[in-house]
Amino acid sequence: MTEIVIQLAYLFAAFLFITALRALGRPDSARRGMQLAALGMAVAVAATLFHARIVSYEWIAVGAAVGAVAGYPLGMWVPMTAMPQRIALSHAFGALAATLVGVGEYANGFLSGATLARTTVAALGLEVLFGGVTVTGSLIAFGKLQGILPGRPLIFRGQNALNIVLLAVSCCCLVWVIVYPSHVQVFSAMVTLAVLVGVLFVLPVGGADMPVVVSLLNSYAGLAAVATGFAIDNNILIIVGALDGLSGFILAIAMSKAMNRSFTNVLFGAFGSADTNMAVTAAAGGEMTPTTVEDAALRLAYAERVIMVPGYGLAVSQAQHQMRELGDLIEKRGGDVRYAIHPVAGRMPGHMNVLLAEAGVPYDKLIDMDEINERFVETDVAVVVGANDVINPAARTNPASPIFGMPILQVDDAKSVLVLKRGKGRGFSGVENDLFVDPKTSMLFGDARQSLLELGLQVKEA
Amino acid sequence: MLTTTIIQLFVFMLAAFVGVQTINRIPPLLHTPLMAATNAISGISLVASLVLAGGGEGLLATVLGATAVGCAMANVVGGFLITDRMLSMFKRTKTAVVDKAEDDTSSAVKS
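One line per chain: the protein sequences are A and B, in this order.
Counting the first sequence from 1 gives a position; the working numbering is that position plus 208.
Counting the second sequence from 1 gives a position; the working numbering is that position plus 1.
These are computed hints drawn from the structure, not numbers from a lab.
Check the hints yourself; a few may be wrong.
[As the list claims (entries may be wrong)] Partial selection, computed: residues in chain B whose CB lies under 8 Å from chain A:
{"id": "1", "residue": "4"}
{"id": "2", "residue": "19"}
{"id": "3", "residue": "27"}
{"id": "4", "residue": "30"}
{"id": "5", "residue": "38"}
{"id": "6", "residue": "40"}
{"id": "7", "residue": "43"}
{"id": "8", "residue": "66"}
{"id": "9", "residue": "71"}
{"id": "10", "residue": "74"}
Beta carbons are placed, not taken as given, at the ideal position from N, Cα and C, and that holds for glycine.
Kindly produce the complete structure, drawing on both the sequences and the hints.
Printed below as a string of structure tokens:
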């Protein structure tokens, strides 16, 4: 009887979760949808507490209390600029939970002396494989995004070969424990290998490739949950895991498209992408044209159409509020201001949208790449802040360029371009940017936040 | 045993199709909230951790389970809170705003 009630509660929760994801299709219904999902979660968890296998609640209470205390700051205190590393960290938590459950269930079956069914061991094996890779992979990604580890790719000779061998060996271990479920050493070896593979796969990834990696880790965390569902006969875990896994997978594909990488490149190549680090000089040499705050502000003040183009540099200098203030001031003077969002600008899918939404930019002014590209032609000033590769015209014009073929924001169509840049360095891919030496481009060097602030002051007085 | 697994495979396949249909409709605007949301929802692995932690099946299983409960719980609480916080920031241009009650944040997380 209790079992039926529990299953019905799960069914109800699954319904609410899918409804929530549908509500996420539109910004005005998204929030209410997620509140329903939270209700679904509460119902599912409450029902589980009556599960027949649960005999004591002390340890549950301890774990839940610690988790809730740790979760609150992760939800309320983390700034929006730190969102990529925050998401990476929660992938690690989710995967760690799955891995620990996998190990625990296996230990249970092993210690109790009962023979473990092959299907169960197969599911538990997949669970710890995906889980283990995701735990350490996400922690490395977190370290890189947080700046604890160097963001540049860490590579050594034979890295790819080593990774493939390790992956192959861990798959062999999986087959082994399915055939001989009681070989606990092999199971332990598999967990160790998975954890190691996670570290080795993410170490060689550079900063700008993070959107793909964070999405893929999301996907793996979901697949670990699916495997948990199969192992303990729990449909809601299968459903939620499938949704989670697919969401990550779809995002990874969307990101790879935006970087002009193939499907296989997402799965395997993204991890070895350090090769793109070679420096290719631009076809056209030439000098950058520096400008002053006063000149730039004057142009902005009398521009009719302005498009702001934010990149990762905006997040680094935390200048989203200053960007919005400048935009507001231009609008107050009668100019039309839009914000152009490239799918891979920043370090995770949708990174720029969240930053600008936090600063108070209405979401109908945040325009996706395909839509805004038509508007650049009739734009008086395009203001580029901390973006580089996503606006490099070489992607369309120079077949020799490593980023050739990548869809870009066609900033070079605008009547004039103002680039805010910290220094004269290259972008992530190490490619020179023709846009910066274009005669209609003027460069304003300095910290983005400071520059935007001063521009705002000058526009106000103009 | 085998029939259960087969049924689970059906569930998995159908859920995957629903997932593709649903997630493809989500605009890039909301991709970060989507990631936070799937993270929060995947905290449902809490139900597996609860059973392991409360099962009284030896110290090892209990400790592993309790740790898993902690991790999953952190994702649930943190995940729903941060998704709500993010989504509350997405607003239309002022003229079109029908400002709904701001104070329903507290009802966002009940677990």
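For each hint, the structure was consulted:
{"no.": "1", "hint": "4", "in the structure": "11 Å, violated"}
{"no.": "2", "hint": "19", "in the structure": "6 Å, holds"}
{"no.": "3", "hint": "27", "in the structure": "5 Å, holds"}
{"no.": "4", "hint": "30", "in the structure": "5 Å, holds"}
{"no.": "5", "hint": "38", "in the structure": "6 Å, holds"}
{"no.": "6", "hint": "40", "in the structure": "5 Å, holds"}
{"no.": "7", "hint": "43", "in the structure": "4 Å, holds"}
{"no.": "8", "hint": "66", "in the structure": "6 Å, holds"}
{"no.": "9", "hint": "71", "in the structure": "4 Å, holds"}
{"no.": "10", "hint": "74", "in the structure": "3 Å, holds"}
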